[in-house]
Amino acid sequence: MAIVELLQINLLSPMVLAFALGIAATLLRSDLKLPDELYTTLSIYLLLAIGLKGGIALAETSLAVFWAPALATLMLGIIIPVVAYTVARRIGKLSIADAAALAAHYGSVSAVTFAASQTFLDTVGARYEGFMPALVAILEVPAIVIALMIAQMAGGQQGGDWREAVRELLTSKSILLLVGGMVIGWLAGPRGGKEVAPLFVDLFKGALTFFLLELGMVAARRFRDLPTAGWFLLGFAIIMPVINGLLGVWFGSLAGLSLGGSTILGVLAASASYIAAPAAVRIALPQANPGFYLTAALGITFPFNLALGLPLYYTLATWIVR
Amino acid sequence: MAIVELLQINLLSPMVLAFALGIAATLLRSDLKLPDELYTTLSIYLLLAIGLKGGIALAETSLAVFWAPALATLMLGIIIPVVAYTVARRIGKLSIADAAALAAHYGSVSAVTFAASQTFLDTVGARYEGFMPALVAILEVPAIVIALMIAQMAGGQQGGDWREAVRELLTSKSILLLVGGMVIGWLAGPRGGKEVAPLFVDLFKGALTFFLLELGMVAARRFRDLPTAGWFLLGFAIIMPVINGLLGVWFGSLAGLSLGGSTILGVLAASASYIAAPAAVRIALPQANPGFYLTAALGITFPFNLALGLPLYYTLATWIVR
Amino acid sequence: MAIVELLQINLLSPMVLAFALGIAATLLRSDLKLPDELYTTLSIYLLLAIGLKGGIALAETSLAVFWAPALATLMLGIIIPVVAYTVARRIGKLSIADAAALAAHYGSVSAVTFAASQTFLDTVGARYEGFMPALVAILEVPAIVIALMIAQMAGGQQGGDWREAVRELLTSKSILLLVGGMVIGWLAGPRGGKEVAPLFVDLFKGALTFFLLELGMVAARRFRDLPTAGWFLLGFAIIMPVINGLLGVWFGSLAGLSLGGSTILGVLAASASYIAAPAAVRIALPQANPGFYLTAALGITFPFNLALGLPLYYTLATWIVR
Amino acid sequence: MELTTVKLVTIIAEAVLEERILHDLRQLGARGYTIGLARGEGTRGIHASDWEGKNLRIETLVAPEIADQILQHLATHYFPHFAVIAYTTDVQVVRGTKFQR
Amino acid sequence: MELTTVKLVTIIAEAVLEERILHDLRQLGARGYTIGLARGEGTRGIHASDWEGKNLRIETLVAPEIADQILQHLATHYFPHFAVIAYTTDVQVVRGTKFQR
Amino acid sequence: MELTTVKLVTIIAEAVLEERILHDLRQLGARGYTIGLARGEGTRGIHASDWEGKNLRIETLVAPEIADQILQHLATHYFPHFAVIAYTTDVQVVRGTKFQR
Ligand SMILES: Nc1ncnc2c1ncn2[C@@H]1O[C@H](COP(=O)(O)O)[C@@H](O)[C@H]1O
Ligand SMILES: Nc1ncnc2c1ncn2[C@@H]1O[C@H](COP(=O)(O)O)[C@@H](O)[C@H]1O
Ligand SMILES: Nc1ncnc2c1ncn2[C@@H]1O[C@H](COP(=O)(O)O)[C@@H](O)[C@H]1O
Ligand code: NA
Ligand code: NA
Ligand code: NA
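Chains as they are written, first to last, in my numbering: chain A, 57 to 378; chain B, 57 to 378; chain C, 57 to 378; chain D, 57 to 157; chain E, 57 to 157; chain F, 57 to 157.
It is worth saying that the hints were derived from the structure and are not from the lab.
Which residues of chain A face chain B? A few of them, derived with a C-beta cut under 7 Å, are: (1) S69; (2) L73; (3) L94; (4) D258.
27 Å max Cα-Cα, derived DSS-like pairs, lysine-lysine: (5) D:K110 - B:K89; (6) B:K89 - A:K89; (7) E:K110 - F:K110; (8) B:K89 - F:K110; (9) C:K89 - A:K89; (10) B:K250 - A:K250; (11) D:K154 - E:K110; (12) F:K110 - A:K89; (13) C:K89 - B:K89; (14) D:K110 - F:K110; (15) D:K110 - C:K89; (16) D:K110 - F:K154; (17) E:K154 - F:K110; (18) B:K89 - E:K110; (19) C:K89 - F:K110; (20) B:K250 - C:K250; (21) D:K110 - E:K110.
Pair by pair, the computed Cβ-Cβ distance ranges are: (22) B:V121 - D:H79: 53 to 61 Å; (23) D:Q156 - A:L84: 39 to 47 Å; (24) A:T284 - C:T284: 50 to 58 Å; (25) B:I134 - A:L84: 20 to 28 Å; (26) E:H79 - D:H79: 35 to 43 Å; (27) C:I295 - A:G312: 52 to 60 Å; (28) C:E116 - B:A58: 25 to 33 Å; (29) F:R82 - A:K89: 33 to 41 Å; (30) B:V121 - E:A131: 52 to 60 Å; (31) A:L67 - F:E75: 39 to 47 Å; (32) B:A58 - C:L130: 36 to 44 Å; (33) A:G312 - C:T284: 55 to 63 Å; (34) A:L84 - B:R247: 22 to 30 Å; (35) B:R146 - C:E116: 54 to 62 Å.
C-beta: ideal position from N, C-alpha, C; glycine also.
All chains, full assembly: derive it from the sequences and hints.
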């Protein structure tokens, strides 16, 4: 399929349109407000559902197939934050804390972008490995730890206790639900999975669409901070994902992933965390400005990846993966 | 089918029974309380789902078929508030503000009554045009604007800014979700719609049932205000819908709608808004008494339409539509 | 099937695993927190769904079949609280209020344990009578009333008004939803039921799994109180259910219930209420210590029944029911 | 503008007590109340079912003598067995009569 | 540590008024606000749609003269037609300047 | 009835800080607390992830000297980097000892 056609498929999918509706609602100053509890509920649901499906698939995967993609993912989790930190510090002239905060976000991963990429690939008919959610779990944590360690070594950390932050990170809800869901799926297997499939599988795309409506509103609220963020941040939030996406696709193809699987690893690398990273960074690097890292991750990179990134990384994958 | 049989089908449907359970819970002073957030979530879901389905249908409708029903609906939106205002003012001797408030509510439309009418028609096996949700959107706003303008001209408005109220009305959540859902459905088309159908189509009737449980409790709380409302309001809240329903069915048949479609247009005309209108009226006509308009719309007309109105307007349609 | 195999099936079911994840989340001091509103919503949903399914089944049940199990259940509701009170008072040396509180909880029933037992039986392929939810409703109230009367007669009640408590009990949300759902199901019948089945039937097991995640967290928070509860309570909370379970299975077989039905009656007898009883007891017996009755019912008996009780009572039933 | 001083009584109580406390407030002469949800911990730490939800934070503006009666009543009927605390503050309002009997 | 006394203005208002009241507070010189959800009953008991949700409990810390203006403004523009009450209290804060113009 | 005056300390803080602040309150001698949800805006306007939820409104009744220490502690450790404000009020309670060390 040509990239124009892929773009069209993606932009006219209910989930991207719902995201746009959320943005429109905020820009039109509508009084639409989703309950906070709905937002939390949908997040929990999505993370658990992603984990569950991954666990069921993992139960049927041999280690021989899994080790190479796992290693490739781990390496991405180490390389990306280092690159991101260096770029933000050298080119962007950001403070140590702000640079490390960006590194944590772009090294980690957005579960919703991941879910959207699965839906996109389903629609274009590309297949991917079932164990991909396990890679989400692998990529979520290391980059954040590395970014906090960089800040610690560079002396940019005051007040925050990074060891405590890492402990909290490992038991944070996103990790717990993702890994917990995976363990449940792995132990319960396909038979147990079938019992809960009407909730966790059939409703997944609808719930994702609903969630993106809310996320559109959250992202649009971030737009206000764009002017103060400056040109560097805008460039960073668009170019960094493309570089990371390319890296992810390439690593995926080297690790023997399929076309769809490499696309997803590209998406994972390109995506910026907006759940685990912000919470950890807020605690461990309080002097970093959320107006920077949240605006970049949620206000620019997330919409970019959702609307343009998915077809882009897929196209890259069709070139790279043989 | 005889009207007795229709009545029985309707009164024994899960949604009407759930509404009755909600009323019973309140009258028995049970401690059952649905979380406010659930109420909001279900409202958002229902409006979005109605819009989505309408949009998908609209994508397959030609303008040649659509213009006449659209025009008929618009005319209802102009005629009904004028009639309602005159009746409330002349016969009911209500104040300008109270009369205009009633006009706004009865000219506008209740999305839940609409949804209930679809479920009813599905059950009795009558078919209707897929684009009906578009008519809900068309009928929702004009009557409210007209009623506010009448109040403005009659000098009954103080303090409230009606222009601001109209702006807020156009970006209010009910309009935004209904129209936004329609645009999403229209752009995503049947293919995109299929992806989210398990959430937005399959669960619709169940969610409506759940919502009616809550609405039964809300309506029953309004019953307390009945004694102070007086006989005029009681009569108004039952006779006005019947007249409007007849008008709607007749306009529908003139515009070439099917039996089911004419029934629904009758239901739309007969129904009184309890989402968009109350919010707009509260802001623009603060001196109007909510004990009047909410009690009429939610405490009398809504239960009347749900229990007796649906089979009644359908029977009227079987006589009028050839 | 051997009990080891049954245990394995049960312990590896998604719902038991989700419960374990909830416990793990609390013990690891994760920041995972389900919104209170979600907890309430799921409770309401589960009770209504249980009632609905029971009502539909009841519509197709003749009184000739139903009276014996109903009577057996009622007798359990009288015998269990008397036994539990005596044991707690004589052997446990608890205060009148604390003993009566325990009697109320263990005589009444846990709807979620009931739901879990249905899922378990579905998985092992055992069939059961459709009217079982009606027995839940029958067993829920009497034991609580009897326990409060015992406390009243024994002079252990001060301050609380037990008549008021009984009135509130009869209109409490759990009774209202269970009985209300049953009436709806009974009146709407299979045709009406089919309309709402995607929400109330298909999603049931998934919702139960989600709910057990939360309940695992609630139960684990109770673990803190275990040390202060003492050995008697620990023993009581494990031995009492086993005795009650045996009693329930036996009564069930005498009343002519099937293997599955007898298992469920055993589960009902063995389960301890954590919705209706705590609320009623808190009001009518304020001097009873919630650290006792909630820890026993929710912190010990519920996990025990969920993990080990279900296969145990089923095995007992295979011996007793011919 | 003339301001009057009235008493704001704040009550933190377990959720099961809602109806009871509101009933008592009305009896004692309060002419309105505002309720918010809260959770918390104290020294007793006894709590009813989680199903009943968290604590309530009840506020009522009343005349000083009524405030006293409310505290007295709560101290007698609720403090011994229930997780309830209460305190009063002086606040200024525009129309004092609205909050007095 | 040096503490400054500022005024805490608490407003209980029906939810439809949120945007309006926050706008007015800003105009009158408040430099921040905190909102919580609440429900309640009073003497008027008029309420807009349940869909609009319950009451809001708006709090703002301001200098005394601004507190007066806020009460005045609410009394004129909101008390006649809307379900709104408001009261002020003296509170102590560390950095008084943060809450003054 | 004898009333005692104690201090009510109210803290508005971003939700990520919950555990930390409660831990500090306990350390400083508070014997209980009540938490409600809130949202708001101030002068700094820095906020962590929306996922973490809104602000918290933490209240604790303590003896005057502890109230001072709490304000001091918050001013040193939280005000510089976090979206936190705090204020104290005098309130009257029935059993003053419940809130003192
Ligand atoms: N010192 C305190 N400051 C603020 N709230 C308190 C305090 N002590 C108790 N509470 C609240 O009152 C409820 C009951 O307290 P208690 O009866 O001491 O367990 C708790 O759940 C808290 O919400
Ligand atoms: N005496 C009072 N104490 C506390 N809150 C009150 C009081 N009177 C009214 N309110 C609150 O203010 C809102 C509007 O009151 P009203 O305009 O009197 O109906 C009510 O919904 C209550 O939340
Ligand atoms: N003047 C104020 N009055 C009431 N609440 C305030 C005020 N200023 C700040 N806040 C609250 O404190 C939080 C943090 O404020 P800030 O650090 O100034 O952004 C805000 O989100 C508000 O909830
Ligand atoms: Na990434
Ligand atoms: Na109408
Ligand atoms: Na039992």
